[in-house]
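Asks: Read off the chains here:
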Amino acid sequence: MTGKSAASMEVMDLAYAAGWTDGLPIIPPERDLVNQYIEILGRPADELIGMIPPLLGPATVEIVVANAIMAGCRPEYLPVVFCALEALLDDKLNIGGMQCSTHLSTPLLIINGPVRQELDINCGPNVFGQGWRANATIGRAVKLVLTNVGGARPGETDKATLGQPGKYTFCIGENEEQSPWEPLHVERGFSPTDSTVMVYGSEGPHNINNQMVDNPHDLLDTIASMMANLGSNHPFLMGESLVVLCPEHAAVCADAGWNKRDVKQYLWETARVQLARLRKGGIYGADVDKYNTWSHWIDRTRDDLMVPVCRRAEDITVVVAGGPGRHSAYLPGWSSRSAIRPLNEQSSPSTAKTGAQ
Amino acid sequence: MTGEFEPPPSGLTPDEAAIRLEELGFVNPQASAALTFKRAPSLLSLAGKRGGLLDNRKGNGNLLLEDLAAILVRDYDVESFVSAEKWIYSRPAPGELIDDLARQVDFVVTAVGD
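Here the protein sequences line up with chains A and B, keeping their order.
Residue numbers for the first sequence follow the numbering used here, beginning at 7 and rising by one.
Residue numbers for the second sequence follow the numbering used here, beginning at 7 and rising by one.
Keep in mind that the hints were calculated from the coordinates and are not lab data.
We treat Cβ as the ideally placed atom computed from N, Cα and C, and that holds for glycine.
Check the hints yourself; a few may be wrong.
[As the list claims (entries may be wrong)] Dumping the calculated DSSO-like pairs for lysine-lysine here, alpha-carbon to alpha-carbon at most 27 Å: (1) B:Lys55 - A:Lys296; (2) A:Lys98 - B:Lys92; (3) A:Lys10 - A:Lys286; (4) B:Lys92 - B:Lys55; (5) A:Lys98 - A:Lys10; (6) A:Lys98 - B:Lys64; (7) B:Lys64 - B:Lys92; (8) A:Lys296 - A:Lys286; (9) B:Lys64 - A:Lys296; (10) A:Lys165 - B:Lys44; (11) A:Lys165 - B:Lys55; (12) A:Lys10 - A:Lys165; (13) B:Lys44 - B:Lys55; (14) A:Lys286 - B:Lys92; (15) A:Lys286 - B:Lys64; (16) A:Lys165 - A:Lys286; (17) B:Lys92 - B:Lys44; (18) A:Lys286 - B:Lys44; (19) A:Lys165 - A:Lys296.
[To be verified] Counterexamples of contact, computed for chain A against chain B with all Cβ distances above 12 Å: (20) Leu30; (21) Pro64; (22) Ile69; (23) Gly157; (24) Asn213; (25) Glu254; (26) Lys296; (27) Asp309.
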């Protein structure tokens with residue numbers, strides 16, 4: 007091949023052949039560029055962030071930076087990437103199991119706090135879609151680390167039957183500015199001025215279209231109908247699940263005086279599946295006695311019992327994101343738990359140079 | 007389509023391609039896996055041995071292992087089996103469970119996957 011991009015294409019081919027990529031083109035992690043990013047970051051190249059499951063590859067600063075460059079990250083995105091990796095290693099997320107599962111869940115990053123404006127992280131229209139470099143590349147950097155360092159390779163250690171597009175990148179910001187309630191990270195005990203990354207093992211978004219709703223009951227009944235299904239893990243395995251309310255739907259609830267706790271409580275009470283129907287599917291079919299994550303109060307001899315999708319209302323996470331329009335989303339999970347970490351002073355983008363100098 | 011990584015048309019193996027990239031001055035973004043396994047010595051025969059069945063708790067895992075155990079007893083003269091079950095399939099078996107099995111048996115059969 008000839009032309010200005012020919013050499014780049016050859017490097018792409020080599021990187022693909024080496025198994026370094028996710029199938030998409032990458033920014034080649036040239037040694038000089040990696041060193042420059044590390045200098046801007048201000049952390050030692052051999053600093054160990056953690057051992058990434060399932061094969062426990064060591065994620066050093068240098069290796070993470072190489073993956074972040076490949077993903078297309080700017081230097082100032084690195085602290086968010088590192089923060090996400092720290093959250094991913096929280097045992098309650100069980101990233102090792104998720105990486106190997108036949109299920110299609112993959113970590114979704116939800117970003118809160120001032121870092122969203124600092125890095126232009128999309129929280130509004132098309133929030134789950136394309137168009138924003140920060141969302142696209144931060145999410146992708148994390149996924150490349152999970153593969154290149156954690157060793158989860160499709161068809162090998164990653165046994166996903168179907169997979170999903172979120173395995174390329176899956177990163178959103180919460181639309182705190184258009185939310186009538188406290189944002190996710192404040193709910194989880196952080197200050198509004200903290201910046202945080204939460205990771206949640208997630209399916210893709212299931213759209214919830216309700217155009218005419220003018221009261222919380224009808225809206226949340228619609229959402230609950232999506233949650234109480236036989237295809238997701240939750241009625242069988244419990245765990246955390248995620249509801250993303252668009253600003254207009256959130257306003258329907260807030261204008262009626264409902265807070266987030268009210269929303270969660272109503273969903274928990276309403277999103278239930280009759281035990282008899284659970285015998286049709288899930289992990290164990292008719293043998294529902296084998297589900298050892300159900301609350302003790304669930305009487306398995308009662309086929310008429312309505313089984314919730316989680317053990318308590320607090321296990322339903324509610325965030326506000328997206329732009330104009332009346333489409334919210336339910337994102338079932340893998341049935342593990344989410345994890346959240348703050349960007350600390352060492353890793354804050356504001357303490358790193360932008361790289362423009 | 008096997009779902010396994012296939013080498014490029016140039017014929018370079020992944021390792022060869024990685025070496026070439028490193029020679030060109032690119033940083034390898036992959037880490038060597040820390041998880042390595044030391045293979046236990048193979049049993050010369052199963053006759054008279056005690057076996058363990060480690061159920062991963064997925065549906066039908068127990069049935070598969072029970073059928074396999076029956077075959078091993080009938081055709082390979084395994085003396086008997088001890089059964090154990092993980093609490094949840096999505097996490098490795100705890101060390102205590104493995105140690106307890108190791109004290110009781112000469113080999114273990116486990117089922118992974120769905």
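Asks: Take the hints in turn and mark each one as holding or not.
Replies: Here is what the structure says about each hint:
1. Between B:Lys55 and A:Lys296 the alpha-carbon distance is near 31 Å, which puts this suggested pair outside the 27 Å criterion.
2. About 17 Å separates the Cα atoms of A:Lys98 and B:Lys92, which keeps this hinted pair within 27 Å; it holds.
3. Distance hint between A:Lys10 and A:Lys286 is unfulfilled; the C-alpha atoms sit about 58 Å from each other, more than 27 Å.
4. Simply put, B:Lys92 and B:Lys55 have alpha-carbon atoms about 23 Å apart, close enough for the 27 Å limit, and the pair holds.
5. Restraint check: the Cα-Cα separation between A:Lys98 and A:Lys10 comes to about 48 Å, which exceeds 27 Å; the hinted pair is violated.
6. Taking the CA atoms of A:Lys98 and B:Lys64, the gap is about 20 Å. The hint holds against a cut of 27 Å.
7. For a cut-off of 27 Å, the pair hint linking B:Lys64 to B:Lys92 stands: about 10 Å separates their Cα positions.
8. For the proposed pair A:Lys296 and A:Lys286, the alpha carbon gap of about 14 Å is at most 27 Å, so the pair holds.
9. Simply put, B:Lys64 and A:Lys296 have alpha-carbon atoms about 9 Å apart, close enough for the 27 Å limit, and the pair holds.
10. Using a Cα cut-off of 27 Å, the hinted pair A:Lys165 and B:Lys44 holds, with the two alpha carbons roughly 24 Å apart.
11. A distance of roughly 33 Å separates the Cα atoms of A:Lys165 and B:Lys55; the hinted pair therefore is violated under the 27 Å criterion.
12. Taken as a hint, the A:Lys10 and A:Lys165 pair is broken in the structure, with Cα atoms around 39 Å apart against an allowance of 27 Å.
13. Straight-line distance between C-alpha atoms of B:Lys44 and B:Lys55 comes to about 22 Å, which keeps the hinted pair within the 27 Å bound.
14. The suggested pairing of A:Lys286 with B:Lys92 holds, with an alpha-carbon distance near 24 Å, which does not exceed 27 Å.
15. For the proposed pair A:Lys286 and B:Lys64, the alpha carbon gap of about 16 Å is at most 27 Å, so the pair holds.
16. For the hint linking A:Lys165 to A:Lys286, the alpha-carbon distance of about 24 Å falls within 27 Å, and the restraint holds.
17. Restraint check: the Cα-Cα separation between B:Lys92 and B:Lys44 comes to about 22 Å, which is no more than 27 Å; the hinted pair holds.
18. The hinted pair formed by A:Lys286 and B:Lys44 fails the criterion: a straight-line CA distance of about 42 Å is larger than 27 Å.
19. A threshold of 27 Å between alpha carbons decides the hint, and for A:Lys165 with A:Lys296 the separation of about 23 Å falls inside it, so the pair holds.
20. Residue-level check passed: A:Leu30 sits 14 Å from the nearest beta carbon of chain B, beyond 12 Å.
21. Listed as a non-interface residue, A:Pro64 fails to keep its Cβ farther than 12 Å from every Cβ of chain B; the least gap is roughly 5 Å.
22. Against the 12 Å criterion, A:Ile69 falls within the reach of chain B, whose nearest CB is about 6 Å from its own CB.
23. Remark: the non-interface label on A:Gly157 conflicts with the geometry, its nearest Cβ contact in chain B lying 5 Å away (cut-off 12 Å).
24. Against chain B, the non-interface label of A:Asn213 holds: every CB pair exceeds 12 Å, the least being about 28 Å.
25. Residue placement check: A:Glu254 keeps its beta carbon more than 12 Å from all beta carbons of chain B (closest about 37 Å).
26. Residue-level check failed: A:Lys296 sits 7 Å from the nearest beta carbon of chain B, not beyond 12 Å.
27. With a least CB separation of 19 Å from chain B, A:Asp309 remains clear of the 12 Å interface cut-off, as annotated.
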